[in-house]
Each structure stands twice: as structure tokens, then as C-alpha cells.
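Since the structure of chain D is already known, use the hints to place chain F on it.
Protein chains: 2
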Amino acid sequence: MALPKQSDDFPGWYQAVVKQADLAEPSLARGTMVIKPYGFAIWEAIQRAFDERIKATGHENLYFPMFIPARLLEKEAEHVEGFAPEVAVVTHAGGEKLEEPLVVRPTSETIIWDAYSRWVQSYRDLPLLYNQWCNVVRWEMRPRVFLRTTEFLWQEGHTAHETAEEAIAESLRILREVYADAAEKVLAIPVRLGRKSAAERFPGAVETYAMEALMRDRKALQAGTSHYLGQNFAKAYGVQFQGRDGTLQHAYATSWGVSTRLVGGVIMAHGDDRGLRLPPALAPSQVVVVPIYRTPEERGGVLEACASLAAALRERGVRVKVDDRDEHRPGYKFNEWEMKGVPVRAEVGPRDVAAGVVQIARRDTGTKESCPATGAGERVSELLGSIQESLLREAAEFRDAHTFRPKDSKEMAGLLGDPGGFMIAGWCGSPACEATVKGDTKATIRYLPLDPEPIDGTCIVCGAQAMEEAAWAQAY
Amino acid sequence: MALPKQSDDFPGWYQAVVKQADLAEPSLARGTMVIKPYGFAIWEAIQRAFDERIKATGHENLYFPMFIPARLLEKEAEHVEGFAPEVAVVTHAGGEKLEEPLVVRPTSETIIWDAYSRWVQSYRDLPLLYNQWCNVVRWEMRPRVFLRTTEFLWQEGHTAHETAEEAIAESLRILREVYADAAEKVLAIPVRLGRKSAAERFPGAVETYAMEALMRDRKALQAGTSHYLGQNFAKAYGVQFQGRDGTLQHAYATSWGVSTRLVGGVIMAHGDDRGLRLPPALAPSQVVVVPIYRTPEERGGVLEACASLAAALRERGVRVKVDDRDEHRPGYKFNEWEMKGVPVRAEVGPRDVAAGVVQIARRDTGTKESCPATGAGERVSELLGSIQESLLREAAEFRDAHTFRPKDSKEMAGLLGDPGGFMIAGWCGSPACEATVKGDTKATIRYLPLDPEPIDGTCIVCGAQAMEEAAWAQAY
Numbered sequence: 028m029a030l031p032k033q034s035d036d037f038p039g040w041y042q043a044v045v046k047q048a049d050l051a052e053p054s055l056a057r058g059t060m061v062i063k064p065y066g067f068a069i070w071e072a073i074q075r076a077f078d079e080r081i082k083a084t085g086h087e088n089l090y091f092p093m094f095i096p097a098r099l100l101e102k103e104a105e106h107v108e109g110f111a112p113e114v115a116v117v118t119h120a121g122g123e124k125l126e127e128p129l130v131v132r133p134t135s136e137t138i139i140w141d142a143y144s145r146w147v148q149s150y151r152d153l154p155l156l157y158n159q160w161c162n163v164v165r166w167e168m169r170p171r172v173f174l175r176t177t178e179f180l181w182q183e184g185h186t187a188h189e190t191a192e193e194a195i196a197e198s199l200r201i202l203r204e205v206y207a208d209a210a211e212k213v214l215a216i217p218v219r220l221g222r223k224s225a226a227e228r229f230p231g232a233v234e235t236y237a238m239e240a241l242m243r244d245r246k247a248l249q250a251g252t253s254h255y256l257g258q259n260f261a262k263a264y265g266v267q268f269q270g271r272d273g274t275l276q277h278a279y280a281t282s283w284g285v286s287t288r289l290v291g292g293v294i295m296a297h298g299d300d301r302g303l304r305l306p307p308a309l310a311p312s313q314v315v316v317v318p319i320y321r322t323p324e325e326r327g328g329v330l331e332a333c334a335s336l337a338a339a340l341r342e343r344g345v346r347v348k349v350d351d352r353d354e355h356r357p358g359y360k361f362n363e364w365e366m367k368g369v370p371v372r373a374e375v376g377p378r379d380v381a382a383g384v385v386q387i388a389r390r391d392t393g394t395k396e397s398c399p400a401t402g403a404g405e406r407v408s409e410l411l412g413s414i415q416e417s418l419l420r421e422a423a424e425f426r427d428a429h430t431f432r433p434k435d436s437k438e439m440a441g442l443l444g445d446p447g448g449f450m451i452a453g454w455c456g457s458p459a460c461e462a463t464v465k466g467d468t469k470a471t472i473r474y475l476p477l478d479p480e481p482i483d484g485t486c487i488v489c490g491a492q493a494m495e496e497a498a499w500a501q502a503y
Numbered sequence: 028m029a030l031p032k033q034s035d036d037f038p039g040w041y042q043a044v045v046k047q048a049d050l051a052e053p054s055l056a057r058g059t060m061v062i063k064p065y066g067f068a069i070w071e072a073i074q075r076a077f078d079e080r081i082k083a084t085g086h087e088n089l090y091f092p093m094f095i096p097a098r099l100l101e102k103e104a105e106h107v108e109g110f111a112p113e114v115a116v117v118t119h120a121g122g123e124k125l126e127e128p129l130v131v132r133p134t135s136e137t138i139i140w141d142a143y144s145r146w147v148q149s150y151r152d153l154p155l156l157y158n159q160w161c162n163v164v165r166w167e168m169r170p171r172v173f174l175r176t177t178e179f180l181w182q183e184g185h186t187a188h189e190t191a192e193e194a195i196a197e198s199l200r201i202l203r204e205v206y207a208d209a210a211e212k213v214l215a216i217p218v219r220l221g222r223k224s225a226a227e228r229f230p231g232a233v234e235t236y237a238m239e240a241l242m243r244d245r246k247a248l249q250a251g252t253s254h255y256l257g258q259n260f261a262k263a264y265g266v267q268f269q270g271r272d273g274t275l276q277h278a279y280a281t282s283w284g285v286s287t288r289l290v291g292g293v294i295m296a297h298g299d300d301r302g303l304r305l306p307p308a309l310a311p312s313q314v315v316v317v318p319i320y321r322t323p324e325e326r327g328g329v330l331e332a333c334a335s336l337a338a339a340l341r342e343r344g345v346r347v348k349v350d351d352r353d354e355h356r357p358g359y360k361f362n363e364w365e366m367k368g369v370p371v372r373a374e375v376g377p378r379d380v381a382a383g384v385v386q387i388a389r390r391d392t393g394t395k396e397s398c399p400a401t402g403a404g405e406r407v408s409e410l411l412g413s414i415q416e417s418l419l420r421e422a423a424e425f426r427d428a429h430t431f432r433p434k435d436s437k438e439m440a441g442l443l444g445d446p447g448g449f450m451i452a453g454w455c456g457s458p459a460c461e462a463t464v465k466g467d468t469k470a471t472i473r474y475l476p477l478d479p480e481p482i483d484g485t486c487i488v489c490g491a492q493a494m495e496e497a498a499w500a501q502a503y
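Protein sequence lines correspond, in order, to chains D and F.
Counting from 28, one number per residue, gives the positions in the first sequence under our numbering.
Counting from 28, one number per residue, gives the positions in the second sequence under our numbering.
Only chain D is shown next, with the shape it has when bound in the complex (with noise of 0.2 angstroms):
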């Protein structure tokens, strides 16, 4: 089946990517979907990608359960406020009606920082560095496979801290040395970092931090949030230590999370009119082997030219598949291993073998190349570094050319309605100047620099003096 073409209808192309490349489906608890093994290789080796890092941050894993007793959540004023409408109730288990409804987590800070308060006594017990990986449900309006479903999974961390700065400085380095880094160095994907204006922030936070990359219908999305929760928790579940002092404090508070979300992320950022496009450091395969045959004759040769490049290439850590399926001509098999984003295809044929070469195709850029067979293992993983590096280059140069200054309202909601992209511009800091924006072209602000300074110049709004530099994006 054809894809729409991109430049038609975007969310249709979506949608028939993640269906044709078999990554996932919707399954029949209101929008919550089906994780097939296609989509869920590539979760997992995203968690890998974070995990390592939150690991080698000095962060252990853990977990909670995923009930929350109702009347704990209701401990912190904004974050029920927050998340009480998206919450899932269980009212009955075992045959009978609870005494008390449990909710099922919509994030965990409420029942973790319940614990911390049992577990935090004096400086000592401090940084507390935790993370767990789980599902989470927050009733949605308009679900989207991956970028918005009921339940999801994803990594949350929770930190606690002795002072206010340290708290601060673990959420950056979190956004920093964690997300960005495992978002540009494994999933190719360019972010930009910076701090949420209070309307985006999350329910309950001093501060949201986030990276926000630009897909390539041009709308923002946000990949991860970082958040500096001040005492707000400690202060609500009672997380009191005694310092060095010998007073008793109040504990500071991080929390941060990515989600399944991110699998959208990779088809939106790098996907083409052809389908998935994998960054290598990704791909459940890095490269799908086609043997090419017309005879019995000719098969035999060539399925052993194909096995000896598979095993070159296996022996250099390529993650390689073979498909030697006789019931597909050729033909098919390109088509469904383009559309499954496979980052390089060989073909063997019976002059390939003659002549001692094989044939090399990118998937990125679809150049072909013909290759000494002995060298085939060498070039091949040469040219996956490249793929690595020219995706993430090609997003970034993308992202960078949809990214205007646009001089007043009248031509930022222009830019915003075509071609869109991030629209950098003064803001005066007013929640009414972003909620007209948000009325007249649902763009949003998507960051605040990481650093705000004073700068030289007016709101694009209403024309006072701005404050700082906003970048407002339509996003999903």
C-alpha cells in the first residue's frame, strides 16, 4: 500500500507508518494501544540508551507500586489540580468494593515522596538519586499512537536534594548530560533545551525544563521534561531532615521523564514518502541482506555470498538480517524494509558473485554503491557512523532552516500557517500575551532560554519591553 506523501497529510502518513511498519496498533481499552515487537525493539533500545546514561549518572533503579491510595494524591494542591481530570480509578478489586479508591499513577511523585519521608531523616540520607521504568495512565481526549495514549510507558526519576541549588543542578544535568545526549547521539534527533513558561509547566513545579526537537511537518515536540519541584513535595508529605545545622529542612525535589512518546519522535524527525528511517544506533536490524535469484542454480551461490557477508558483519557487532524469503521477489522485500527504516540494504546477485562485489543502498539518502565483497564489513559499518551522524545533520539543518525571527505578530502567524517551525521572538513575560497567541494560531511558547537575560527589545505581542527571547512552535 502507498504512503500519503508527507507534504499531503501528515497525520495520515503517521498513522500508515506506524501501521505498515508494524510498530504498533490500537487496542480496545479507550486509547491505549498495542506495542507490536517491530515498535517495542526500538523502545528498548531507547530505554537502553537512557538507562545506561541515568545509570552512569550515579541514579538506581527502583520501583513503586502503581496504586495510589486517592487521598494521597490530593496531598499537593497544583499536582491533583493538575492531574485529577486524567486520572483511572480502581473502585472494586478482589470481589469487593475498596474502602478507598486507588488511583492508578499518572506519575509517582505523590506515593514516592509518602516514602521518602519515611526514608529521609538527617543530610546524611541525602541525594536520594532513583529512577524506575513503568506504565503510567493519564486519560486523554484525543489520542495518538505513541504521542499521546492512556497509558504509556516511560522512565521517571525522582531526586531528593539537601539544598535548593543542587536540586537545580540535577535537573540540568539530567536534560543535559542524559537526555540530550541520548537523544542526539542515539536517536539523531536535534533538541533544543530550555525552561517552560508557567502555563507549561508541570502541575506542582518551581521550574519544567525540556528538550523540544521540530519534526518535519514542522510542529514542535516536546521529548523530555527535567523538573526542579523546589520543596513543594517535601513541604506536602512531610520529606523534613536535619541539617547540618541541626535544624530540620525540607527536602528539594527533581523529577524528569521520557516516554514511549519518543518512538513518534523517531518516525516524525527522520521519516520520509518511503517510510521509517532508522538512525542506525537504533535499528532492531542495521542492515537487511537481499539475496537476488532467478535459478536454483543461482541460488546456492548466492545465499552463501549472502551468509559470508552477514557473518563479516556480525563479527564487527552488526545487527544483520538475511531475507532469504522465497515466497518475496525483490522488489517486495525492498519496498518493506525501506518502510521498516532499515538504515543500509545489500543485494547479492548472481554477477555480484561473479564478480566478487555486492551492492550497497542507504536508506537515508538512497545512493547505491557497488563494494568489493572482502571489504563489504568494513564499508558497511563506515557507512552506518555516517548514516548516525548525516541524519542527526540533516534534522538539525532542517530544524535550523524552519527557525525565523519573525518582526511582529502579523508575520509570525504567517510563518506559523506555512512553512511553520520555531518563531523566536521578545516576550514580556504575560500569560495573556501567549494565551493570544495560543487563541489566534495554537502555537505555544516551547522554551525560554536555559539562562534568561535582560534583552534589548519589545513583546511581539503588545509591544512593552520583553523580558526574554521565547520560541513559540505549534506542537504536539
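Since the hints were derived computationally from the structure, they do not count as laboratory data.
Note that the Cβ used here is the ideal one computed from N, Cα and C, for glycine as well.
Possibly wrong hints are sitting among the right ones.
Said to hold, decoys possible - Here are a few chain D residues that sit away from chain F, every Cβ distance over 10 angstroms (derived from the structure):
#1 G270
#2 R346
#3 V349
#4 G404
Said to hold, decoys possible - Heads up, simulated DSS-like pairs for lysine-lysine below, C-alpha to C-alpha not over 25 angstroms straight-line:
#5 K82(D) with K360(F)
#6 K82(F) with K102(D)
#7 K434(F) with K124(D)
#8 K348(D) with K46(D)
#9 K82(F) with K348(D)
#10 K102(F) with K124(D)
#11 K465(F) with K434(F)
Chain F in isolation, oriented as in the chain D frame:
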């Protein structure tokens, strides 16, 4: 705090180890637990062992939602009868009452086989060899940390096959090549493999295979099960395929799971009166290096020697922790790491530095030796290998020493009371005899031979002709 002795109070010992080794703690919702970082690191090592083997035998991971529409659960009669009393039910979400309640998965056959009805059309689509790692909920009347919690973590494999033979072979392959192999080689828990009696079978299964282990209180633990489900789920959920002969046929199913219960198994199979004893393959730290010094002058040289030992060990891929906390004395540290079951402790004091040696202590046997510092990396690696083997051998000898062949039901009841263990005896095959033993002694049939052969003997309960030999034990 001293532990209760295993021989005095095994349940008290278990609870105290879980707490003092900082493995887990009860959480707020009934029967749920927080798996703390040390306990979770053990679970991650268990997961890796099983996941590797699941993938090596050709299975792929995927993910199904945890919410199952209530009506879906009701389609397989035995299955719903088994699980309906244990489920947790979501009745409200997104601020509204749901039109149809959602059950939180107690296991996922129902939602998975509903999807398989859309995924399977032809014999060419088979087999489906899928697995997922997830949380499940079963409302427990007598929860017990790790062993029986209302929410637990597990993997559940669900495969679909063309023939009964193939499905049976799959469930036995999982039992042997995945479950028993990981249990024995990584967890160092020797297991006996067998069939379950009808009374102990999974609801909806034609045959349940299990691996059974003996704990140090001489009770059995069902450590993992693999079910042959016949065509029950295919018929209930309409999974039909066009066979090689052109006719429509129902697929054959297996399902199989191991859970966080295995952490409890590791504690109870290996632990002693000083705490945990971890097999090196599972241990988050395989070696702890404890510096011993009294004066600041001694400190520098000792810490340097510790660091160089740690480096030599890390080079060999050994997981090492140097416990250089100044606020605790060596004796305190020894107790703590013994409690946490670290397989090898290395001590380095000023006299050791002067003599160019390190002191090495095995957690499992308690034996100590002095070893030249230059050869310590090699010696410790060697020791880790012997400890892994030795824990398995010790557990197997313990189990074999507590496997009896009582001559009559009176002797069996006596042995079950003291010392406990596996009782191998003839069984006529009648559920009534099985129920009698359970009523009298609380023991159940833990396993029946994988390949039952006619035996020459009588039922230990009723004296009629025995069908086969059963292994009875009290169990978790």
C-alpha cells in the same frame, strides 16, 4: 539488629532479611510493595538472564495494554472462573464513570488472543513467539513481600502454533532451555521439572508444566510455570487459520511466566543466619573491598591499595564496590555486606599493604585466605566461579537430602511435619486422594513426571493401583 535464626522462625527471618538487606518494603495499597534499589538490581539481573534466553530461543518482546474490557475476560470459561475473584476493576476514568469497566490484567491471555484473532490468517503467520515484561495485579488475601503481592512484575510469553505437538514442544522448551537453565546457571537454584495435577493447573490450561525448588525451610516454591493451553483460547477468541490442507483450524497456544517471586526464591534458597547469600551472577556487587585503618597516615596507603585492587577486578569485568565510608567501622561494614549477601569481601589493612597481600573472605562458606595483591584479581575471579557452583551444589544437596520416599501416609505426614521436603510416592490419580493429603498436612502435589510411565505400586493415600509417582510438599 540481629536476625531471627532460620531454625527458630523462618518467616520472621525472611521478613527481617528483606528489611535489613534493604530489598523491599510494604507500600500503601493492600499487598503492594516498593522494590528498593538493592532488591531491584537483583531483579534486573534476573530479568537479563531470562530475557537473553527468551530472545535466544527466537522470541520477540512486545507490549499489550494493562486494561482489559471486562467482557473480554469472560470468554474463556475456566479462565474467568479462576481469575475473576482476584481482579482489580477500573470503573471511573477521566472524571467519568466508564460505560464498560476495565479489568487490570491478572495475566494477558485474553487481550493477547483477541489480538491474535486479527494477526493470524494462514499457517504462514505461525508460529507467533512473543513475550512481554510488565506488571500484573491479583488481589491477594495473604500477601507476602516478593512471594505473593497484589501487584507484581513478571514476564509472560504467549505463543501460537499450527499443531498441538509444536505447542507442547514449545512449552517444554521454555521450561528446560529458558527457565531451568536460567534458574540453575544464574540464580543457582536447582529445580525439578514436572507436570501439575489438574487441581494445580492454570485456569484454562490443558497441561501446566512447572519448575519447583526447595527452600531452606523445606517448603517448595513454584519458581516458574509453562502452560500448554491447547485450542481453548483460540476457540474462545476465534483464532483460526487456513491450514496447509486448505481447511480452517484453531491455533494451539502456550503461555509461560516467571515473576518477582524469584527474588524471594533467591533469598530463601541461599540465605543463612547472617542474611542473604547472593550467587555472583546475580549480585549487584560481586566484591566489596573494605579498607582498614586507624590513623590518617595509614589511610592513604590503604585506600590506594584498595583502589588498585578494585581496578584489577573491574578489568576482569568483576562488579566491585570500595566501601570507603569514614563514618562506619570495618565491623559494621562486614555485617552490612554479609546481610546483603555480597559473595566476596576483600580487606586491606596497613599490614597487608606492607606485606603486599589482601585478605579475602567468602560469604558462602565464611572461609578466609590471604592472597598476594598481584594475583588477587585472578584469585577473586576464580573464587566467584566456585561460589556460583558451590551455592547450586549446596542447594541441590540440601534438596536431595530432603527428598523422601515414605512407605505409607502416616510416615509421609510425619516427614512433612519434620523435617519437611519433597515426598515421592505413588498416586492413583484421584483428586480426592490429593485433597485428603492437603487436608491432613497442607501438602500439595508439586510435580508429576514430565513423561509419566506406568509404575508398579500403590497410591500412598487409598492403596489402589498407582498411576504415577507424585512429589508432595508444603509450598509457598
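Evaluation of the provided hints:
1. G270: Non-interface label on G270(D) holds, nearest chain F Cβ at 17 angstroms vs cutoff 10 angstroms.
2. R346: Fine: 12 angstroms to the nearest Cβ keeps R346(D) off the interface.
3. V349: Its Cβ never comes within 10 angstroms of chain F, the nearest being 15 angstroms, so this holds.
4. G404: holds, 24 angstroms
5. K82(D) with K360(F): holds, 24 angstroms
6. K82(F) with K102(D): At roughly 44 angstroms apart (the allowed maximum being 25 angstroms), K102(D) and K82(F) break the hint.
7. K434(F) with K124(D): violated, 49 angstroms
8. K348(D) with K46(D): This hinted pair holds, its Cα atoms lying about 21 angstroms apart.
9. K82(F) with K348(D): Judged against 25 angstroms, a Cα distance of about 15 angstroms means the pair holds.
10. K102(F) with K124(D): holds, 24 angstroms
11. K465(F) with K434(F): holds, 18 angstroms
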